[in-house]
Amino acid sequence: MDGFSQPMWIAISAGLAVLLLFAVAMGGAWSRNQMPVDGKTILITGASEGMGRSAARQLAEKGANVILVSRSAKKLEEAMAEAKAAARNPLTQRFHYLTADVSKPDYAGPLLADAIAWNYGKPLDIVWCIAGKSTPDFWAEAPLSVSREHMDLNFWGSAEMAHAVIRLWCAPDAPVVPEPKHLIFTSSVVAFFTIIGYGTYTPAKAALRGLADTLAQELEIYPQKVKIHVVYPGSISSPGFERENETKPEITKILEESDPVQTPDVVAAAAICGFEKGHYAVTVAFLGNVFRWGSLGGSPRNNWVVDTFMSWIIAVVWIFALPDIYGKIRKYAKKNGHPISYRGKSVHES
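Just so we're aligned: the sequence shown equals residues 13 to 362 in this note's numbering.
For the record, the hints were derived by calculation from the structure and aren't laboratory data. The reader is advised that the hints may include incorrect statements.
Below are the DSS-like pairs computed for lysine-lysine, each with C-alpha atoms no more than 27 Å apart in a straight line [as the list claims (entries may be wrong)]: (1) K265 to K74; (2) K265 to K346; (3) K145 to K86; (4) K116 to K87; (5) K96 to K265; (6) K239 to K289; (7) K116 to K74; (8) K52 to K346; (9) K74 to K86; (10) K96 to K74; (11) K116 to K86; (12) K74 to K52; (13) K265 to K347; (14) K145 to K265; (15) K134 to K74; (16) K134 to K52; (17) K347 to K289; (18) K265 to K134; (19) K239 to K134; (20) K116 to K145; (21) K74 to K237; (22) K96 to K52; (23) K87 to K145; (24) K145 to K134.
Quick list of simulated restraints, FRET-style, between CB atoms [unchecked claim]: (25) P190 to I233: 38 to 44 Å; (26) R342 to D113: 30 to 36 Å; (27) E269 to V188: 47 to 53 Å; (28) E191 to G121: 21 to 27 Å; (29) G222 to V189: 24 to 30 Å; (30) P117 to W324: 28 to 34 Å.
From a predicted model like this one, the values you see are computed outputs, not experimental measurements. Quick reminder that beta carbons are idealized off the backbone N, C-alpha and C, glycines included.
Start from the sequences and build out the full structure, keeping to the hints where you can.
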């Protein structure tokens with residue numbers, strides 16, 4: 013997943029968008045680009061399909077040199093050709109791909125070494141960790157190995173890259189330059205609020221949020237400038253989403269039935285727009301912001317005034333939303349009995 017929806021109460025939250033118009037105009041219309049990419053070198057994991065592939069192409073359109081990373085060389089060749097064809101400056105931009113399984117321990121060091129060597133020995137400017145997967149199921153019914161696989165890919169795949177690249181960017185002898193490096197994690201809206209059926213997936217994405225919040229503080233102590241960003245997508249119409257739906261429990265689909273499914277192009281564009289605005293937590297749809305406002309805690313704010321005000325409003329919205337969600341779950345349980353009898357059942361079956 014990456015997403016889920018809520019029923020009629022979404023209309024309550026959606027109506028609040030009007031309150032943000034002035035703040036959005038003030039916050040974005042006249043501010044400079046906080047992550048220019050023209051001439052910069054960007055490494056993207058999970059770049060062979062879905063959001064990662066779209067991000068590679070769109071960053072190429074903005075003038076970036078792009079290194080695409082995934083397990084499949086064939087898919088990477090196709091994705092790289094697509095990005096190269098979209099290049100803003102085709103005579104000077106460069107493109108490369110590297111195969112790697114980011115779920116395997118100790119992958120990041122050799123991968124970065126190869127990427128830097130290709131980049132004429134210069135440090136990378138931006139690293140965007142997108143690789144991940146979701147295999148929804150009931151946590152207690154699924155083998156524990158499924159949750160471990162999700163943690164290896166969705167958390168450790170990004171955490172190991174972060175550990176390796178920050179050590180390079182912030183080494184004692186690393187140059188201190190005015191323009192920051194950017195490290196981008198891809199979490200999910202389930203890190204703000206999850207629903208039944210994502211027990212195998214949510215812990216890894218929530219752990220990424222916790223790591224990012226910690227690194228946002230830790231990086232303040234280094235003389236080198238590194239900015240952390242976290243993207244929180246919802247459902248994306250990609251091959252991964254199709255695979256996700258193969259195991260998704262029926263009750264999960266019922267609760268998600270009005271969830272907007274966005275295209276990879278839309279999600280990648282919204283994410284890049286958020287980076288350019290300098291946002292720390294980047295949501296790609298209004299519903300994602302609703303969940304973010306409802307669980308801000310000690311996370312860095314994108315806008316202190318808007319985030320604080322909206323967190324107060326969303327606290328009231330949850331009074332209506334949570335009883336509705338739990339009511340549907342209990343009604344489903346009463347009708348269908350023990351989960352073992354319907355685990356993996358399609359939403360179209362009854």
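Take a quick look at whether K134 and K52 sit within 27 Å of each other, Cα to Cα. Between K134 and K52 the Cα gap is close to 11 Å, so the pair holds against 27 Å.
Sort out whether K265 lies within 27 Å of K145, counting only the CA atoms. Judged against 27 Å, a Cα distance of about 17 Å means the pair holds.
Going straight from one Cα to the other, do K74 and K237 come out at no more than 27 Å? holds, 22 Å
Regarding R342 and D113, is the given constraint of 30 to 36 Å on their beta-carbon distance met? Violated: the Cβ-Cβ distance is about 41 Å, outside 30 to 36 Å.
Proposed proximity, K74 with K116 (alpha carbon, max 27 Å): violated, 32 Å
For the pair supplied as a hint, K265 and K134, is the alpha-carbon distance within the 27 Å limit? Outside the cut-off at roughly 47 Å; violated.
Measure nothing beyond the straight line between the CA atoms of K145 and K86; if it is 27 Å or shorter, mark the hint as holding. The given pair, whose Cα atoms are some 19 Å apart, holds under the 27 Å limit.
27 Å limit on alpha-carbon distance, applied to hinted pair K239 and K289: holds, 12 Å
With the threshold set at 27 Å, check whether the alpha-carbon distance from K265 to K74 stays at or below it. Violated - the C-alpha atoms of K74 and K265 are around 37 Å apart, more than 27 Å.
Range hint 21 to 27 Å (beta carbons of E191 and G121) holds or violated: Holds - the Cβ-Cβ distance for E191 and G121, about 25 Å, lies within 21 to 27 Å.
Taking only the CA atoms, is the gap from K96 to K52 under or equal to 27 Å? Cα-Cα ~15 Å, so holds.
Measure nothing beyond the straight line between the CA atoms of K265 and K347; if it is 27 Å or shorter, mark the hint as holding. holds, 16 Å
The structure fails to meet hints 1, 5, 7, 8, 17, 18, 24, 25, 26 and 30 from the earlier list, while all remaining hints are met.
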